[in-house]
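K.L.:
Take a look at the letters that make up each chain.
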Amino acid sequence: MSKFSLITKGLLKENPTFVLVLGMCPTLATTTSAMNGLEMGLATMFVLILSNIVISLIAPVVPDKVHIPVYIVVIATFVTVLQLLMQAFTPAVYKTLGLFIPLIVVNCIILGRAEAFANKNGVWDSALDGIGIGIGFTLSLTVIGIVREILGSGAIFGWKFITGDGMLAFVMAPGAFIVLGYLMVLFNKIAKK
Amino acid sequence: MEILLIIISAIFVNNIVLAQFLGICPFLGVSNKLSTASGMSLAVCFVITLATVVTYLINKFLLVPFGLTFLQTIAFILVIAALVQTVEIVLKKVSPSLYQALGIFLPLITTNCAVLGVAINVVTKEFTFGGTAHLMGLGEATIYAFATSLGYGLAMILFAGIREHLAMNEVPKAFRGLPIALISVGIMALAFLGFSGIV
Numbered sequence: 020m021s022k023f024s025l026i027t028k029g030l031l032k033e034n035p036t037f038v039l040v041l042g043m044c045p046t047l048a049t050t051t052s053a054m055n056g057l058e059m060g061l062a063t064m065f066v067l068i069l070s071n072i073v074i075s076l077i078a079p080v081v082p083d084k085v086h087i088p089v090y091i092v093v094i095a096t097f098v099t100v101l102q103l104l105m106q107a108f109t110p111a112v113y114k115t116l117g118l119f120i121p122l123i124v125v126n127c128i129i130l131g132r133a134e135a136f137a138n139k140n141g142v143w144d145s146a147l148d149g150i151g152i153g154i155g156f157t158l159s160l161t162v163i164g165i166v167r168e169i170l171g172s173g174a175i176f177g178w179k180f181i182t183g184d185g186m187l188a189f190v191m192a193p194g195a196f197i198v199l200g201y202l203m204v205l206f207n208k209i210a211k212k
Numbered sequence: 245m246e247i248l249l250i251i252i253s254a255i256f257v258n259n260i261v262l263a264q265f266l267g268i269c270p271f272l273g274v275s276n277k278l279s280t281a282s283g284m285s286l287a288v289c290f291v292i293t294l295a296t297v298v299t300y301l302i303n304k305f306l307l308v309p310f311g312l313t314f315l316q317t318i319a320f321i322l323v324i325a326a327l328v329q330t331v332e333i334v335l336k337k338v339s340p341s342l343y344q345a346l347g348i349f350l351p352l353i354t355t356n357c358a359v360l361g362v363a364i365n366v367v368t369k370e371f372t373f374g375g376t377a378h379l380m381g382l383g384e385a386t387i388y389a390f391a392t393s394l395g396y397g398l399a400m401i402l403f404a405g406i407r408e409h410l411a412m413n414e415v416p417k418a419f420r421g422l423p424i425a426l427i428s429v430g431i432m433a434l435a436f437l438g439f440s441g442i443v
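Taken in sequence, the protein lines are chains B and R. First residue of the first sequence? That's 20 in the numbering used here, and the numbers climb one at a time after it. First residue of the second sequence? That's 245 in the numbering used here, and the numbers climb one at a time after it.
Please note that the accuracy of each hint is not assured.
[What the hints assert, rightly or not] In the SDA-like style, the derived pairs of lysine to any residue whose C-alpha atoms are separated by at most 20 angstroms in a straight line are: (1) Lys304(R) <-> Lys417(R); (2) Lys22(B) <-> Glu33(B); (3) Lys32(B) <-> Phe419(R); (4) Lys114(B) <-> Ile427(R); (5) Lys208(B) <-> Gly383(R); (6) Lys417(R) <-> Lys114(B); (7) Lys84(B) <-> Ala326(R).
Calculated from the structure, these hints are not laboratory results. All of these numbers come straight from a predicted model, not from anything done at the bench.
With the hints as extra help, turn the sequences into a complete structure.
P.N.:
Written out as structure tokens, the structure is:
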């Protein structure tokens, strides 16, 4: 696989949200606006790249029987690093994303990539894979966020283009499921033809 | 009275799946059939309650006194993983029939974010149930965890029922599988929004 396709596969062919359908909880919970979706995507990408790198390095020496707990500890460590960094430098973002930052530990995308890619490939390829899947995840979350923000509060990235309220249901829980459902339909139509 | 509020709020108003978006992966994954959905709900109920009590005690008597709360995420996920493994071993020995019924669902629960989510929520978030905002005590936390997992079961079983009916219908090709499932959950969540006035 060429280096370039390692990065681009996350966009369509192995899109973590619309094709692999992994990491649904943050996808639904944090996409109340485009900005929130983007931030959550970037936070996940940070952990994904670093854990991919470390796991590809330690995979040859980790005994097969305990590899899952070891990987989870690696991931949890980077999540803790991210938590501390965000608390220090972007406390406002940390507060909006709330619970879903520590929950990156149990995001199946990260353990999934460790299992499916990082433990059998080199450091460089694993880092690129992390970047590619990370970009795919970030873009998907941003798109869902944009749609929900337009419908729910009549704004894009905080820039309001209507006066008054939008359809509030789209910012709340039901809208998340419905928007993701319809976007998946659209994705099926476009990508799987 | 306060206990009743905790229970109603955790099951209906702040339903863990439909309002808090926790545990979506297994929710979508094993809700194809009513029987598997109820098996999973039972296993989740068991583990969430147990994990919350254990992590609560660990946080209170180990992490907080030694100033190690920044290790919460790592400590909790390890405890949950170990706990699930222990439950599996004990259950296999003590009650083989229950072990058979829960089957493959038990190991899957480690990566269910509902478990970690509830455990973290209970020790970090301040709740108001009738009174002033406060961190929950052990008793309240246990009830909250149990009621939350009942909410998980309720959503799961309702949705499995809907999905069994969906499977028999002619759905447009692009909607088949997950998209139509997600849209149905959305409509279900809309219905649950109606409970929000209660508490």
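K.L.:
Compare the structure with each hint and give your call.
P.N.:
Now the hints, each set against the structure:
1. Lys304(R) <-> Lys417(R): 52 angstroms, violated
2. Lys22(B) <-> Glu33(B): 15 angstroms, holds
3. Lys32(B) <-> Phe419(R): Within the cut-off at roughly 19 angstroms; holds.
4. Lys114(B) <-> Ile427(R): 29 angstroms, violated
5. Lys208(B) <-> Gly383(R): Roughly 51 angstroms separates the two Cα atoms, so the pair is violated.
6. Lys417(R) <-> Lys114(B): 41 angstroms, violated
7. Lys84(B) <-> Ala326(R): This hinted pair holds, its Cα atoms lying about 14 angstroms apart.
Violated hints for the displayed structure, listed by number in ascending order: 1, 4, 5, 6.
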